[in-house]
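K.L.:
Read off the chains here:
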Amino acid sequence: MQSVCVRRLWGSAQVTRLLKVTNINRSVRQLQHKKVMEDDKPWALTSELGEEGFVEDLMPIIKQHFQILCYKDFLQNPQLHGPKIQAVLVWGKTHPTDPSTLRSLPSLKVVANGGVGIDHLDVQYINSLGVKVTNTPGVVSDATADMALGLLLASARKIVQGHQISVDPNTTNHKPQSLMGVEVTGSTMGIIGMGHIGCKIAQRGKGFDMKILYHNRTRRSVEEEQAVGATYCEKMDDLLKESDFVVLAVNLSPETTGLISTRELNLMKPTATLVNISRGRVVDQDALVKALQSETILAAALDVTYPEPLPRDHPLLGLPNVLITPHVGTDTLFTNRKMVQRMVENAVAVLKGQSIPNEVKPK
Amino acid sequence: MEDDKPWALVSGAVEHGSYEDLTPIIKQHFQILCYKDFLQNPQLHGPKIQAVLVWDNIPPTDPSTLRFLPSLKVVANGGVGIDHLDVPYINSLGVKVTNTPGVVSDATADMAMGLLLASARKIVQGHQISVDPNTTNHKPQSLMGVEVTGSTMGIIGMGHIGCKIAQRGKGFDMKILYHNRTRRSVEEEQAVGATYCEKMDDLLKESDFVVLAVNLSPETTGLISTRELNLMKPTATLVNISRGRVVDQDALVKALQSETILAAALDVTYPEPLPRDHPLLGLPNVLITPHVGTDTLSTSRKIVQRMVENAVAVLKGQSIPNEVKPK
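Sequence lines, in order, name chains W and P.
Position 84 (the first sequence) corresponds to 84 in the working numbering; numbering is contiguous.
Position 174 (the second sequence) corresponds to 174 in the working numbering; numbering is contiguous.
One chain only, chain W, in its complex shape (with noise of 0.2 Å):
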């Protein structure tokens, strides 16, 4: 597979000279207009191509607008690649945002963040050099909404552990008691964030006549809880005696860092799930292995962990009683797709100085 980041090469100047050599024929000389139109584009700074970094499908998407230099090679000579830099496009594991790196991007302009979680950015520190951050709310909630429903039914059904049981050769006894699940009809969901995700997995959750509680730091309106069919618990307390299913939909923020608890988890039902699709820092999570340790509650489902992923001795790993997915809550193609669209749509407007569709303001 050609490698994108070998075409990057080709620089303005090498580009100029070579139109000016004469006996260039035609179609080699439309060749070097398109490169010139092409050039006209500004830089990007973004994460590893491939495996870890951006599903190929989308990379065309970015190459619309933007000429893509990838974090590994930029490493190999910042100050060179540096000053053309006007847009970072942060996606997947390797955030070029730290303050070295942003130091040398002299021209840089937005950090643009694919999805909708920027607690790894420091906002107030990329502001202050004159950057604008944006990040894609909305785009991805009905992917991160369907993860949560799938994560608590696989828990409550016992999804991966019957299906082990069945595909392996050895297995003799194919109905273990261990596989009696837990009703998921009828029973309480309780929603700690009640944002755009929140609201969404409300709604499938009144799809399978589950009763939703809810908490968060302001009250929906009246119509949005009558939606959905929720019922607002002022004390999250009450939410957490109640709730056959918790399930974590808030963003982290140093007010929601260890929100739940060896408290928390002491007054959730011992027959209740915790279920994670916000951010592994909400759990407490020495308090959560206890607690499942301890059977103090009875599973938990979890999309993120901190850190992304658990060293491979980490006790979690091991309980019967926990499903771990490695954080694709939003990893369709459709999704990733409307994510790039908007992580592109925001950093375009920056630099073309438009309205901005999703700026992180501070605080």
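Errors might be hidden in some of the hints.
[Said to hold, decoys possible] With the C-beta cut set under 10 Å, the calculated list includes, among others, these residues of chain W facing chain P:
hint, residue
1, Lys93
2, His95
3, Pro137
4, Gly138
5, Met147
6, Gly162
7, His163
8, Pro169
9, Asn170
10, Gly181
11, Lys206
12, Arg312
13, Val322
14, Ile324
15, His327
Derived from the structure by calculation, the hints contain no laboratory data.
Virtual Cβ for every residue (Gly too), placed ideally from N, Cα, C.
Take the given structure of chain W and dock chain P to it, following the hints.
P.N.:
Relative to the frame of chain W, chain P by itself:
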């Protein structure tokens, strides 16, 4: 006083297996004989049996078993599917057959959605990668899933369970198509936003998720075979919570191997369990659970309660909640 209670023949799983918590419900109305003990001496034990309580196809109700049960009045099934029971034959012995419709529907519909989501979002693979001590790449592109919200769900078999599956799909803003022997009422369709497909072929061509919720009968055996799988989108997933034999399993294996369809998620197979060397077990795009569609304590309890209610009603000559009449 206990000895006045009638005798019921039951599965070992109920007496002292996975469902033993539910035995007191049965013992409230019956003295129980476990099938394994019955087999020690059928001639001795058989004559006292008035009810057979069938769970997961055990005890069997074939002629070689029933001939030892001269006092039998009722075969009461735990569960709604009775494809394993020869109803005309059993009736010919003067024995009634009952099942437990309705009480199974919520849990089964939940399972259908659980399988659909787990398959679409690669939850089993994601978990295995996350917890494997040897994992180095935690987000391979193989974990990219397919979008559920706004996709098209095609339900084949729109009975009590099918309607509940539709309701759940609607919660995900899925477009709901359905095919059924008879069309549901306008109110029922509107309640779940479902569109009738008179031709099953149209449903197969348009669906992203084909969900089988029929009962097994001569008409539905092999309902989904090579032709039907070829009509499905190559990006579509087959979800089966009905019976294994509704699907031509060999055709399914070929379709999955050739990427004719994207994936399958099966709570039921034929046989159950599959032989340990069956090709379905090794396919990366297959999710299989061991027929646990009703296996929550709450629903299992309701099934046992209804099964016992049915059996008691027959023995007392009272109105029977769920008698299975022959066609």
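K.L.:
All the hints need checking, so say for each whether the structure fits it.
P.N.:
Comparing the hints with the structure gives:
1. Lys93: holds, 8 Å
2. His95: violated, 15 Å
3. Pro137: Since chain P brings no Cβ nearer than about 16 Å to proline 137 of chain W, farther than 10 Å, the hint is violated.
4. Gly138: Constraint on glycine 138 of chain W not satisfied, violated at 13 Å.
5. Met147: holds, 6 Å
6. Gly162: holds, 4 Å
7. His163: Hint holds; histidine 163 of chain W Cβ to chain P Cβ min 5 Å, cut 10 Å.
8. Pro169: holds, 5 Å
9. Asn170: holds, 8 Å
10. Gly181: holds, 5 Å
11. Lys206: holds, 6 Å
12. Arg312: holds, 5 Å
13. Val322: holds, 8 Å
14. Ile324: With a closest approach of 4 Å, the isoleucine 324 of chain W hint holds.
15. His327: holds, 7 Å
Checked against the numbered hints given earlier, this structure breaks hints 2, 3, 4; the rest are met.
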